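S.K.: Sequence:
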Amino acid sequence: MKKAAVCLKDHSKLNYMKGVLKNKGLTYVSKDPQFVIAFGGDGSLLYSERKFPGVPKLLIKDSKRCNKCVGDNEETVLDLIRMNAYKITEAPKIEAVFNGDRMIAMNDIVIRNKTPNQAIRMEIWINGHKKHEEFLGDGLVISTPYGSTAYFKSITRTSFDEGIGIAFNNPIEEHGPVFLEGLERLKVKFLRGSAQITADNDPKIRTLKQGETISVGKAKEITKLINIKGF
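Under our numbering, the first residue of the sequence shown is numbered -9, with each subsequent residue one higher.
Since the hints were made in silico from the structure, they are not lab data.
So the derived label-pair ranges between C-beta atoms look like this:
| hint | residue 1 | residue 2 | range |
| --- | --- | --- | --- |
| 1 | Q186 | N63 | 32 to 42 Å |
| 2 | Q186 | K210 | 17 to 27 Å |
| 3 | N217 | P43 | 16 to 26 Å |
| 4 | N63 | E171 | 34 to 44 Å |
| 5 | N5 | E80 | 27 to 37 Å |
| 6 | N117 | Y6 | 46 to 56 Å |
| 7 | W115 | G166 | 15 to 25 Å |
| 8 | K210 | E124 | 31 to 41 Å |
| 9 | Q186 | K41 | 19 to 29 Å |
| 10 | V19 | G166 | 39 to 49 Å |
| 11 | L126 | K8 | 50 to 60 Å |
These figures come from a predicted structure and were not determined experimentally. Note that beta-carbon positions come from the ideal geometry of N, C-alpha and C, so glycine has one too.
Kindly generate the complete structure, drawing on both the sequences and the hints.
M.R.: Right under this line is the structure:
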């Protein structure tokens, strides 16, 4: 891999990263990269995946917190890339479908009450079978395994390695997480109140109203991540 795009938390460092790439015999490009450097933290990775979906991502730390970065010495990491001392792994994504629209997430789909002082009331089905007669709370966090160490874990205090996890956010009645396997899908119907729907850290927010439904499940798209042994 020789051609790299760069997505940064601190945009003032773009020229610096261009110089590092050049010194390592790599080429900076803004279109059609062979791999993408997410230089920052977890948020930079999510942004880079939206901008260049499916292209292998290299996450280099330039943030106080980045649990999944391959390292914080960009020059050493890029030396290893140049020497082909890496492997590419795949991570599943999830999709949310509603009203003819589709959202894709690497980390999570979040359903949240639009009005902070009003809970939303929902019916929940899994694979066409009603799971709960009625759920009342602030919403749901539907997560991939990769994203399960983020918002999902902050609610459930756990993470997972396979399938799709559903966390119940601030429910009236205590409720543990639910997990989907394979091609199982979640369907939610809103009985009362409006909800906002987000995918990862995408600034685009959709709204669903009373009587509308949303379906969430595994997407056909995947994320490709560059891993380096020892980092």
